[in-house]
Amino acid sequence: MKERKTRELKSNAFLVAISAVVLGLIAGAILMASIGSNPFEGFLYLSKGALMNIERIGNTLATSTTLMLVGLSVAFAFKTGLFNIGAAGQMLIGGLCATLVAHHVFLPRPLFLAVLILSALLGGALWGVIPGFLKAKFNVHEVVATIMMNWIAYWSIYYFVPAYLKGPSLETESASIAISQSLRAPWLTKLFNGSYMNLGLLVAIVSVLIIKFILDKTTLGFELKAVGSNRFCAEYAGIKVNRNVIISMMIAGGLAGLAGLTYYTGYSRNMQIGVMPSQGFDGIAVALLGASNPIGVVFSSVFFGILQSGKGFMNAMTSVPPEIADTIIAVIIYFTATSVLFKRMWDGLFHRIQMKNEKKGLDLKENEKKPEEVK
Amino acid sequence: QGTSEAGPAKSNLRVGMVTDSGTIDDKSFNQGTWEGIVRAAADYGLTTKYLKPSGTTEADYLKEIGNLVDAGYNLIICPGFKFETSLYEAQDKYPKVKFVILDGEPHTADYQTFRIEKNVVAVYWAEQESGFLAGVAAALQMKDAEFGFVGGMEIPAVQKFNWGFQQGIKYANATHGTKIVLKQENDLYQGSFDNISAGQQIAASMYDKGVDVIFAAAGGVGVGVINEAKNRAAAGQKVWVIGVDVDQYSEGVMPNGKSIILTSAMKYLDRASYDMITNELNGTFPGGQVLRLNATNDGIGIPVENPNLSKTVSDEVAKVYAMMKSGEIVVAASADGLYK
Amino acid sequence: MSHVIEMLNIRKEFPGIVANDDITLQVEQGEIHAILGENGAGKSTLMSILFGLYHADEGHIKVRGKQVSINSPNDASNLGIGMVHQHFQLVHNFTVTENIILGREGHFFLDRKTASKKIKTLSEKYGLNIDPDMIIENITVGMQQRVEILKMLYRDADILIFDEPTAVLTPQEIDDLMQIMRNLISEGKSVILITHKLNEIKAVADRCTIIRRGKVIGVVDVKTTSQAKMASMMVGRPVSFKVDKKPAQVGRVILDIHDLNVMNNKKVLGVKSFNLCVKAGEIVGIAGVDGNGQTELIEAITGLRGVESGTISLDGNDITNAQIRKRNEIGIGHIPEDRQKRGLVMTETLSDNVAIKEFYKAPFSKNGILKEEYLQQYAQKVITQFDVRSGEGIHSLAGKLSGGNQQKLIVGREVVSDPELLIAVQPTRGLDVGAIEYIHSQLVAHRDKGHAVLLVSFELDEIFNLSDRIAVMNSGELIDIVKTSETDEQEVGLMMAGVKHKEGAQ
Amino acid sequence: MWITLTRIFPYAIAYTIPLLVTSLGGLYSERSGVTNLGLEGLMLIGYFSSALTIKLVQVYSITLALPLGLLAAVIAGGLFSLLHAFASINLKADQIISGTAINMLAGALTVYLARTISGSGNIRILMGIIRKDVPFLSKIPVIGPLLFSQSYWTTWLCLLIWGLSWVLLYKTSFGLRLRACGEHPSAVASAGINVHRMRYFGVVMSGALAGLGGGVILVTYSGEFNGTVAGLGFLAIAALIFGQWKPLGILGATFFFGIATTIANVSQVIPSLDVVPPAIFKIFPYVATLLALVLFSKHSAAPKASGEPF
Ligand SMILES: Nc1ncnc2c1ncn2[C@@H]1O[C@H](COP(=O)(O)OP(=O)(O)OP(=O)(O)O)[C@@H](O)[C@H]1O
Ligand SMILES: Nc1ncnc2c1ncn2[C@@H]1O[C@H](COP(=O)(O)OP(=O)(O)OP(=O)(O)O)[C@@H](O)[C@H]1O
Ligand SMILES: [Mg+2]
Ligand SMILES: [Mg+2]
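From first to last, the protein sequence lines stand for chains A, B, C and D. Just so we're aligned: 139 in my numbering is position 139 of the first sequence, and the numbers increase by one with no gaps anywhere. Just so we're aligned: 185 in my numbering is position 185 of the second sequence, and the numbers increase by one with no gaps anywhere. Just so we're aligned: 411 in my numbering is position 411 of the third sequence, and the numbers increase by one with no gaps anywhere. Just so we're aligned: 240 in my numbering is position 240 of the fourth sequence, and the numbers increase by one with no gaps anywhere.
One thing to keep in mind: the hints can contain errors.
[As the list claims (entries may be wrong)] Simulated restraints on C-beta separations:
(1) Lys267/C - Phe174/D: 49 to 55 Å
(2) Gly163/D - Gly348/A: 47 to 53 Å
(3) Leu107/A - Ser309/C: 32 to 38 Å
(4) Gly252/D - Lys400/C: 45 to 51 Å
(5) Gly348/A - Ser61/D: 50 to 56 Å
Because the hints were derived from the structure by calculation, they are not lab data. We treat Cβ as the ideally placed atom computed from N, Cα and C, and that holds for glycine.
So here's chain A without its partners, still in its complex pose:
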């Protein structure tokens, strides 16, 4: 009786994520109510704005696409114990490379798409590999390095685009990319009734599957995870830690570069200067809420996509400012960061329920035993 081994019910990542989401939505509701709006109406129009018709669903998915890839990038880096806060810069550079290709490379469509995707991948990877290298070689903390890289990308774009990619008259953005040179596909646009839905979603989904495969099934994933969980043990085991850090940041950067691809050559078809893409930071939220799991990232990116995509219509129908969506996301992230709280709460709850059940079970057993003892 002393060493009773019952499997204790434990809260899991999903439960924690849901708790954070619920609290985020509640916080949103309180904020809406505090300015005299009806939260139910707010959420109704928010979801309508995102999902009301096929076109809006397409737009929501197009928004999610970029978030998904950034989220995947951040999640992948997390798995290797790195915090990639530089997705914004990697998006910019990936997007810049893709935009250059879109303007200057003319090839048959399938080949062109391959080159386009590759260019964004490489651009992002380059921007990711630099902090990776600095981390591996000089132990420069990747958080600071990637933040610096963000601003370097920002100002490089700021001066590069007007100088080399300027449209006929616009100073603030690059020349627009022709549909045929972009990720937009006429059949998709038609299917989704004229939305911005583009081939990026395919890129994102394939990336999710590849990353999931790499992490779960390959020796590379094994190494990366080992380095992420305990770099000292990995080193001891003969795994080249530095090489893995560099590879990881390279892949993470590449994924963020793809996010830039979907945003700048799929969603918007040009690059704006003086804008740090907010997806770079929303992607952190996506990764955290998705518990750094590729499949989790898919769900959380769609959820955040709905928030981002539906807020405009909500603003049109009610007096709730669209910034409520960002506030909800931020609250969710705070609660994800403090998820220990929920873990304790749920574990405590489960524990109590279990104790109760166990007690019942014990009582039953004792009842069963007694007659035997009497015999």
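With chain A held as given, fit chains B, C and D with the ligands onto it using these hints.
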């Protein structure tokens, strides 16, 4: 003005606006447009709404237009040339909705095809005339001084202000004997519309170098310029700013009640949005047309009431304005022989 | 005869374990009172309660006859209780003075000069020999410990707790410490000493409380009790300190180290002109006090640290600059010193941990794709063979294992991969006697299969029990290599202190 | 060149000061053992609350409005940082994630509130602080025109805070304890000091000072709250590292950033600076930080326990 007979007291017209980069109270482009809408709404009892897009890409603009349309808004006003390509698509996508674009006209992204449908009105202003008037007014008031120009981004509307301004100074120097200097190094575009600190630091440098008046056509960068001028004026220095788009007099007011806004180069944005709404209510929406507002149709000007300009200067400018109306003075909308 | 400390019927529970179960400890004024117990017996927990770091679930504490409640180290300190922790509580980049006055600065503005003078005086009074203006990271471990002692004296502590103070000291430093303790007693202070080393208890303690699994087994008078008696009380059965093993069947040279120089973290030579060879079929033990270059030597052999000069060859291959993986492939197994830091990935499953060195090659994987099934079978084999106990078998996370089971897992992984050279560093640190016996037998079995074993241990007993030859290290140098059968602990102890064989034998 | 220098120096100093106090805030937090990546957000909180306060008060008294606004910034920043303190000290959450959450929360919340308050999201104030030459001192040759002319009183306030912080950290018992918390918290605990309380102090101080930094931006060169501090909070963190977690170091680092940014801003107006493309000046501080990190990586002076829960 006879607005009472213009339309019914209550109407099912719902007027929406999508803001350009910058906010609704930018004391400039967005605000001017919005003020016209608000005035019309008060006069005719309309429902209005503006949406601020989350980005400044074509997709972002189209999305907000779609949101307004789906929310039942049937006249949508879009301030800024940045809406040109989104409206090119929207005019076909929402044929039942009326659109007004200010400072631009619908065309494809590659500038190959310009097409304006019956549900769209495009409005342009002759900013160069406005800049010219402001230049003349400032020159006459200051007589012997050094001027500077700070633009936001190098886009046509801003450039035209600059070119007109330079021509105005030259005109005043030539015909009224003023001695106004504008050095090339003091004529620049900062490169953004939102970098307040850069605006402040540039203005400070210019004032330090002896510039007395800065014409700021630069959104948030201009806010920095105005802040710097206020700071110096409060410390007793004689420095001025020329405002842009709307009468920015109140922006330059210091605690002592005086304003450092010498005058403003205005284009009557509010009038455009107000008039288009009126037209729509009267059934005279000039769909398919490109309107050009200038001196001849009172589309531009400088503030009439302005304590910072003397009576004689105001009178003199009024004469110049009249000559502009009559075609006696023609202001070029190009940089010929001027700083960029 | 008065009790300066009385801890009565103390009980302390941690989730899933009763660390202290009805423990009573009575310390007399002016005595050195030892506490003896296996790892995890609850000694540190008991002292933490006395020092106010933990709060007892039951029981109470009397200090100098008065019942007290100690809720924080401050309370303890105010009662004149001071503690030298197992891990030093010193800020590495502060001066000695700053560390000592921390929390007792006196005024709002620091007065380092006055404090420094006071510390100097105290240091002289107790023969501690400390310069108050040195920075902690620049002084030796022994000095750091004396700083800890000064910290207590500065706070006017007269009840001093030492938790395993000698684990990190050289024999000379241990002798000094014993002397310091005697000085303290003669100044009227009382000392509680926790140590695993029976000879130290014998040397200085007056009485000893023995605990096992959270319970007090007895209190003995040290003078009249033999070491064997104390040991058997502690473990609960007679302890045999000997391992059964046949004479070694020595074969070819497996590890050959020639004139090796290795830098330590402070960028000075930690290993100096070192020569050693280990042959198949023998266990060579490296004896020495912690910090004398063992870590650097092992890291150089395993490839975790670069070599300054010299050569290392393994089974005839020069591996001086080879990659770690290459060394593993040629045949190095390594039971690392710090199992939590190096040995395991705590957040991964047992099966992944078992495969961590070999996952990349067949049959664990093919073309970069893992063979999950094989991984699991293999892990199952290892944990069955080495009796690694866990909640969910191979799917448990390594971090959920107890310390002993973690160690068994590592030993299992390294032994099952059947390396030509098995390097075992402190292989039984933190283990109970049962586990120790098992691991010792496995090391001997590995030797008997014709492989080489290099053992590093700071416990002389372990070295003597297992080794066929003993290499003694001091300040990075090889003092000598002797056959176990031809030497004794005394001689090796002298050599560990740097005295060469011949000088010692004079 | 001298004239150019005297011209841009005062503005470089003005730009440096908000960075300096924010970085100083980061120093308190890191020294107490808590990494605060949320400085950007905390600055924003200060920026917003000072704008709001000044807008409300300026209609009664313009002279009172500015100091009250700064006070509000300090208080609001301090209060908001409690979120980070609670997460990283009590809940032992990942401090980098918590800091990121603070940034996002502050960014979203301030703009949300500003939009419901002003409709636009911008809050403009009537008038900032007027620059003045410091009497007598500005007449000293060489350093007079460089340091003591055209300065805001907030500059001297912030420099005073910087000086007092140096004294507090290095000359007092409290500072000794605080720094010890960032190096070896359990040593501090065993000396009978409440580590959590010290860390709360560090974090709240970082919030208060970052808030002050945001407020200073408003009352000096910006004049309006517009929803972003454009990465200055991150730059302050970079300065903290660049300055090797030392008050004098961060003074140098922030001034370095200040002068680089000012040169980039005004290079268009000053012909002698126009030869170098502004892109170089804009990118320079970030590249320099990366290089500094590489150089210092061997012996980083980072507080040893910073970022680790206790
Ligand atoms: N904070 C804690 N939480 C949970 N369990 C703990 C905690 N501290 C100690 N324990 C457990 O309590 C038991 C007693 O630990 P303690 O550190 O007192 O042992 P010890 O006798 O000092 O051992 P050693 O000789 O290894 O120092 C061990 O099983 C240990 O794992
Ligand atoms: N500080 C701590 N906090 C929480 N749990 C702890 C702590 N220290 C130890 N434990 C838990 O207490 C248990 C015993 O740990 P410990 O490391 O003392 O093992 P051990 O008694 O040495 O093991 P073995 O009996 O196998 O030799 C383990 O389940 C461990 O996870
Ligand atoms: Mg143990
Ligand atoms: Mg212990």
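* To do: Determine whether the Cβ-Cβ distance between Gly252/D and Lys400/C falls within the hinted range of 45 to 51 Å.
  => holds, 49 Å
* Asked: In this structure, is the beta-carbon distance linking Gly163/D and Gly348/A contained in 47 to 53 Å?
  -> holds, 49 Å
* Range hint compliance [Cβ, Leu107/A to Ser309/C, 32 to 38 Å] -> The hint (32 to 38 Å, Cβ to Cβ) is violated, given that Leu107/A and Ser309/C are roughly 57 Å apart.
* **Consistency of beta-carbon spacing, Ser61/D to Gly348/A, with hint 50 to 56 Å** => About 53 Å separates the Cβ atoms of Gly348/A and Ser61/D, which means 50 to 56 Å holds.
* **Range agreement (Cβ of Phe174/D with Cβ of Lys267/C, hint 49 to 55 Å)** => violated, 35 Å
In the structure shown, a violation is registered for the earlier hints numbered 1 and 3, in ascending order.
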